[in-house]
Amino acid sequence: MANEMPFETALVEMRKKIDELKQFGSEKGIDFTDEIARLEARYKQLEEEVYTNISPSQKMHLARHQGRPTSLDFIQAIFTDFMELHGDRLFGDDMAIVGGLAKLNGLPVTVIGHQRGKDMKDNIARFFGSPHPEGFRKALRLMQQADKFNRPIITFIDTKGAYPGNTAEERGQSEAIARNLRDMMLLRVPIICVVIGEGGSGGALALGVGNRVIMLENAIYSAISPNGAASILWKDASKADQAAEALKITASDLLRMEIIEEIVPEPRGGAHKDLTSQAEWIKMAIEKQLSELREMSTEQLLEDRYNKFRKIGKFTFDEV
Amino acid sequence: MLKDLFQKKRKYATVPSERTVRTGGAEEGERPKREIPEGLMNKCSKCGTIQFTKELEKSLMVCSSCGHHLRLNARDRIALTVDEGRFFEYDANMISEDPLEFPGYPKKLEQQKTNSGLSEAVVTGEGTIGGYPVVLAVMSFDFFSGSMGSVVGEKVTRAIETAMQKKYPLIIFSTSGGARMQEGIISLMQMAKTSAALAKFHEQGGLYISVFTDPTFGGVSASFAMLGDFILAEPGASAGFAGRIVIEQTIRQKLPDNFQTAEFNMKHGQLDMVVHRKDMRSTLTKLLDFHTVKGDVSHGE
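Line by line, the protein sequences give chains A and B.
Mapped onto this note's numbering, the consecutive letters of the first sequence carry residue numbers 1 to 320.
Mapped onto this note's numbering, the consecutive letters of the second sequence carry residue numbers 321 to 621.
To be clear, the hints were calculated from the coordinates, so they are not data collected in a lab.
This structure is a prediction, so every number in the text was calculated from the model and none was measured.
Think of the CB as a built atom: it goes at the ideal place given N, C-alpha and C, for glycine as much as any other residue.
Take the hints with a grain of salt, since some may be wrong.
Computed spacing ranges between beta-carbons, pair by pair [as the list claims (entries may be wrong)]:
id	chain 1	residue 1	chain 2	residue 2	range
1	A	W234	B	T570	55 to 63 Å
2	A	S297	B	N435	45 to 53 Å
3	B	G368	A	F91	56 to 64 Å
4	A	E245	B	D592	42 to 50 Å
5	B	D592	A	E292	40 to 48 Å
6	B	K433	A	A125	43 to 51 Å
7	A	D122	B	E583	12 to 20 Å
8	A	E84	B	G589	25 to 33 Å
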């Protein structure tokens, strides 16, 4: 039951009632077939209502769900022969970012992703998926290696943001993010970025300068966490739900604003309900996008990536 | 009744506040004489020393007592930086829209315009420094905390593109609280957009000097500000990615007073030089001079 979201409570309660009735019927030898059928029909209807209109704030909670599949889960499920590589060659190995070699239907690729922990101990080792500069520098090192050996790059984005700590600042958090933004633009291989959970601010974007950015249906991507926005706007971090609506952070918002190219549907109730199907659907999206990008020349790839970001922005001119 | 026993009674005499007296019919001429005319004096935001604004302006808004570099509006900064204050501005009338229909954003933009006298948080254009033509972008903290939305991103990108076309060096004075929250994801993407333009400029061999002024954080720090071939900062200017308060909450420790100051950042290898405001023009001129091909080794004596 720990896997259920608050907005699913009504469904869970109803499922419990149906099961109780079934058990009661079989124990006492009473036939409740009609009642059960009626309840099942109501359950279906309720399920439809609950899952067809998931609000932005509910998506925020789904995107942060502890049981939601992580980058490593998807890497294992989508690719074969994954070989993890470590370290930035400058300072250390940041476990908040994982990366390495893998094969997509036999094609060698470089995969990189933010990595949240599976439990408290793992989370502490991985700084809850919030990278230090060495994490971003490891990612860039692997991407430049991919560029050298002409391997497409697939990144998985899932972070609350870059780690806000004094040591991260001392080692140049700003520089590490800025350098990734600039140097990813110069890579001569296709880059596909998949936002699988929470895309939080500069720490997300530092793996997000791709030719194609795709998002899972319930993933979110934002300049500021809804909690942070709420505490700035209303001096009240508990109004995160309200901020989540105002900030337009859902996949459908981002598709409409032409920030992303594609939405990958999620299994009913979220990615954590069915990892196998979810991984399959992501794989299909990656294959489709990659086959288009592999048709392009190096110049076209660079031009395509530049134009994608160059056109973002809304402004007008005041009459003088 | 028992209740009456505990009734709260106000036993204070009400004295009308100064404001009520004034608006309550007093003549303008009756204002208290100790008031100082607007703008005559200025108080240092660091040490609290009060000094004549005229004196402060003469010292380029640097406190005579503690050396604190007071924040400058973009217009004042440009006047201090380019030769004879001559500046040709680009995209002066580019203004923000409200792409997310964010509650209260258009009204807040209007307020920022009135308060700062600027149309956005960055002014871009060209001028000469020590005789060298440059493309200059100067941010202003007094407009929306220097936050980067679509207009800041676009104006900076266009400035970079112009520097590329004209083959002029690029100089950016940054100051910013980070991304413009009211433009959400679009403001985040301006980091990628400006960095992309700098990638092209970098490939072309363009010269870019970045100057950190107080304060520069978040999305601006983690994009174009940190990508200079040369990175300078004014003394005491604080800069970083995350702010002090957020970090203190995360690590549950008090940070030292000098945390994220220019001197701190220099010590940690993030900057080339800390440059006093009075030396900024000459330092920039020197750097520009280094990148102008002159002389010939083969003919050296």
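Now for the hints, and whether the structure bears them out:
no.: 1; hint: A:W234 / B:T570: 55 to 63 Å; in the structure: 22 Å, violated
no.: 2; hint: A:S297 / B:N435: 45 to 53 Å; in the structure: 50 Å, holds
no.: 3; hint: B:G368 / A:F91: 56 to 64 Å; in the structure: 41 Å, violated
no.: 4; hint: A:E245 / B:D592: 42 to 50 Å; in the structure: 44 Å, holds
no.: 5; hint: B:D592 / A:E292: 40 to 48 Å; in the structure: 43 Å, holds
no.: 6; hint: B:K433 / A:A125: 43 to 51 Å; in the structure: 49 Å, holds
no.: 7; hint: A:D122 / B:E583: 12 to 20 Å; in the structure: 38 Å, violated
no.: 8; hint: A:E84 / B:G589: 25 to 33 Å; in the structure: 29 Å, holds
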